[in-house]
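The listed protein sequences derive, respectively, from chains U and V.
The C-terminal residue of the first sequence carries number 394 in this note's numbering, and the numbering is unbroken.
The C-terminal residue of the second sequence carries number 663 in this note's numbering, and the numbering is unbroken.
It should be emphasised that the hints constitute simulated quantities derived from the structure, not laboratory data.
Just so you know, these numbers come straight off a predicted model, no measurement behind them.
Careful: at least some of the hints might be erroneous.
Said to hold, decoys possible - If the Cβ cut is set under 10 angstroms, some of the chain V residues that face chain U in the computed set are:
1. S84
2. D149
3. S227
4. N231
5. G318
6. Y366
7. M476
Unchecked claim - Residues from chain U that keep clear of chain V, each with C-beta distances beyond 10 angstroms, as calculated:
8. I321
9. N327
10. L344
11. S349
12. I350
13. E359
14. I378
15. E384
16. V393
17. A394
Stated by the list, open to error - For lysine-lysine, the following DSSO-like pairs were computed, each having C-alpha atoms within a straight-line distance of at most 30 angstroms:
18. K374(V) <-> K386(U)
19. K483(V) <-> K357(U)
20. K139(V) <-> K322(U)
21. K156(V) <-> K143(V)
22. K143(V) <-> K177(V)
23. K271(V) <-> K386(U)
24. K139(V) <-> K36(V)
25. K242(V) <-> K322(U)
26. K143(V) <-> K386(U)
We put the CB at the ideal spot given by N, CA and C, even for glycine.
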Amino acid sequence: MIKLNEVNTGQKAVVADVCGDSRFLSRVVSIGLTPGCKIEMLHNEGNLPLLFYGRDTVIALNREESKDIAVEVVA
Amino acid sequence: MSNILIKEPTIALLGQPNSGKSTLFNALTGARQRVGNWPGKTVEKKEGYYDKDGVRFRVADLPGSYSLSANSEEEIITRDFIASGQADVVCILADSSQLSRSLFMLADYVGIQCPAILLLNLMDVAEAQGKTVDAAKLEEKLGIPVIPFVAADKKHYDKFFDAIDRALKEKKLLNIGSLTDKYNSIGGGAYEKLLELMPQDGIGNYSASWLATKLLEEDKAVLELIEENLPQEAYKGVKSVLSSVENGVLETAGYKFKWIDELLKDALVYKERKIALSKFDSLATHKTWGKPLAILIILLGLIASFIPATPFMLVGSLVPKLGGPISAALSAIGAPQIIIDFITQVVLVSIYSVISMIGFVFGVNLVFGFLEEVGYMARVSYVFDRTMNKFGLQGKSVMPMVVSFGCTIGGAAGTRVIDSWGQKVLTIAMAWAIPCAATWAIVPVLSSLFFGAWAPLVIVAIFFVAGIHLFITGKLFGAKLIRDEDRAGLIMELPPYHKPKWGALFRSIFVRTGDILSRAFRVVFIVAFIFWLLTYSASGSPEQTLLYKFGQKIEPITMFFGFTWQTFLAYISSMVSKEAALGVLGALYLGGGSLFSATLGSGGAMAAGLDSALLSSLTAPAALAFIFAVSFNAPCLVAISSTYQETRSIKWTLRILLYYFVTSILLAFLVFRIAGLFF
């Protein structure tokens, strides 16, 4: 298991766990990131927020907060 | 329809950002809408109405949020409104092109006891992606009217009105069993235990099952509500059940999405698509090129906004030309000179300013509304997130700031694309610190006069001070305007690019134009009138005006800050129009010419002989102090008015005005005293 910000551009992954207070959790799940959600990293460059595809849309997520999301990379 | 029993039914619009809520709201209410703030809150409140078959329907546009949790003021307001029973039917919008994610709001609504309809909006986008949605099947499963919909297309509205009629007549609630049954496996039956402890009929519009779900999600506001409504014994029971639950939010959300997946299983047909950023998007979100591209597009947008503005400005420029014929006609019928002056100066100048402003505001709203509508603004938000986040702003606040290098009026108008009121006010407060184009009509002239070859250094210093000013202003105003809980990092959807819906775009701009016109005219007229009274003299010479006498009286005070009475009056006039500074100096130092026309006339040019007059009566430190004071003063009267349009708050407009007045005088003082050490 790795952190979401460690997924490289072009890799696919499945959300395994989300940590943090209930405030953070409910923000993250309301945009669709729950355990089991499949994502594909579109852009993980420099200091910019992460860009990835999940649940039919492109999601932008702050780099710092993406460290609280654990994922399993899929081949 | 005659068989609707409620006198003035209220429809509340509920949906995630980008679900098309405002398009629907504008289409329904048109110009019959009021925009204000929720009482005591920094969140915009939009209400309106429409009449159909003799019944008046009230429409409340609830603040955009991703769910019904209590994480932000927007979400709490939305929840409280629904709980209060003010809505007769809640209209939930979902984005059909990404149903699985956008139905989360519907899943969060499960258990609220208010009739609802579900609008599957953006159906045209979904179809273009090869998706088909079986609305009838969804309606059968959910138990409430479900309508395929395109909010930007008037042809779809008959189905909408029918669905509202059905919902009001049949008062059907959303089916809940298929979701709540899933909760039973959470934390060893915690959900069922909580459900038993809840008041049987719920609280207000919140059913027992909705309350129990929110308790599992560690919702503090609901826990407080429960504490107020339950006997102490039962509340203790609730607390003890909750102590055994961990990560409730993740658990319930997991089931909500499972429920959505089951709903969509045989109702949504689509082919897997290949996912990749388009070429343009790879550039627009590039770590090196994303920012320069955004700035370039904003600058091009600023230039483009003059195209629709030009016709207005041409018409506006004809207005002052009416002055001659009108005054001739009035003196022919023997009207007193003061009336003639009042009409040709105050009235015509106000009309001229407002027409020119409306043209520009219209242009800015059209161009940047277009960039927002097609989805590009979300990319600007993305690349500038880290920069603007330091102030608690979203990345797209960079747009009004870049526009303010051209014109602060356009900057203020551009904040229309910012959806949070607090961020809007903060962005405008910061944008005032950015030297607008008019600054460069004055600063280079005066600096080269006084400092010769060193003039460019003055310009560099102004940019340097602007940077510090921006930072301090951002921190000071941000502390009041942005709540700590809203300073969290970026989580947002980057919507796909849409073809612009011109009809809906124009509607949303025109909706407020009449309102803006009348408000702007009032502000400009009142200030122009006061300024006219202060600068009025029967003979037309400055010496007999109130402003002149006042300026001379307080010169001992203004000298302390580095102003002669002439530069102080020119500084005051520069709040009305920045270009006025030179014209007023000319009128005062060279004598002759009315102060009013010097301020609101053509302006900008240096009168012949003014240079030697200035050099002989101003010291270099006083000149430098004046340059800084004018550069960082309030930008102009129309920008003040435009700030009031967008913030809709007299309190905050005056606060910003007072802040810039005080800080520019303090800045002048600092410059005067520090420069005094060198010259």
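These are the hints, each one checked on the structure:
1. S84: Nearest chain U Cβ about 5 angstroms off; hint holds.
2. D149: Cβ of D149(V) sits 31 angstroms from chain U, so the hint is violated.
3. S227: Violated, because the Cβ-Cβ distance from S227(V) to chain U comes to roughly 14 angstroms (cut-off 10 angstroms).
4. N231: At about 7 angstroms, which falls below the 10 angstroms cut-off, the nearest Cβ of chain U leaves the hint on N231(V) intact, so it holds.
5. G318: violated, 70 angstroms
6. Y366: Hint on Y366(V): holds, closest Cβ of chain U at ~5 angstroms, below 10 angstroms.
7. M476: holds, 5 angstroms
8. I321: The claim holds: I321(U) sits with its nearest Cβ about 19 angstroms from chain V, beyond 10 angstroms.
9. N327: holds, 15 angstroms
10. L344: violated, 4 angstroms
11. S349: Label violated. Min Cβ-Cβ 4 angstroms, cutoff 10 angstroms.
12. I350: violated, 6 angstroms
13. E359: E359(U) not clear of chain V: closest Cβ-Cβ about 6 angstroms, inside 10 angstroms.
14. I378: violated, 6 angstroms
15. E384: Violated, because the least Cβ-Cβ distance between E384(U) and chain V comes to about 5 angstroms, which does not exceed 10 angstroms.
16. V393: Holds: least Cβ distance 14 angstroms, greater than 10 angstroms.
17. A394: holds, 17 angstroms
18. K374(V) <-> K386(U): Roughly 20 angstroms between the alpha carbons, so the hint for K374(V) and K386(U) holds.
19. K483(V) <-> K357(U): holds, 28 angstroms
20. K139(V) <-> K322(U): Violated, because 47 angstroms separates the two Cα atoms, which is more than 30 angstroms.
21. K156(V) <-> K143(V): Distance ~17 angstroms between K156(V) and K143(V) Cα, so the pair holds.
22. K143(V) <-> K177(V): Violated. K143(V) to K177(V) sits at ~42 angstroms, over the 30 angstroms cutoff.
23. K271(V) <-> K386(U): holds, 20 angstroms
24. K139(V) <-> K36(V): holds, 16 angstroms
25. K242(V) <-> K322(U): It holds: about 24 angstroms lies between the C-alpha atoms, which stays within 30 angstroms.
26. K143(V) <-> K386(U): Distance ~46 angstroms between K143(V) and K386(U) Cα, so the pair is violated.
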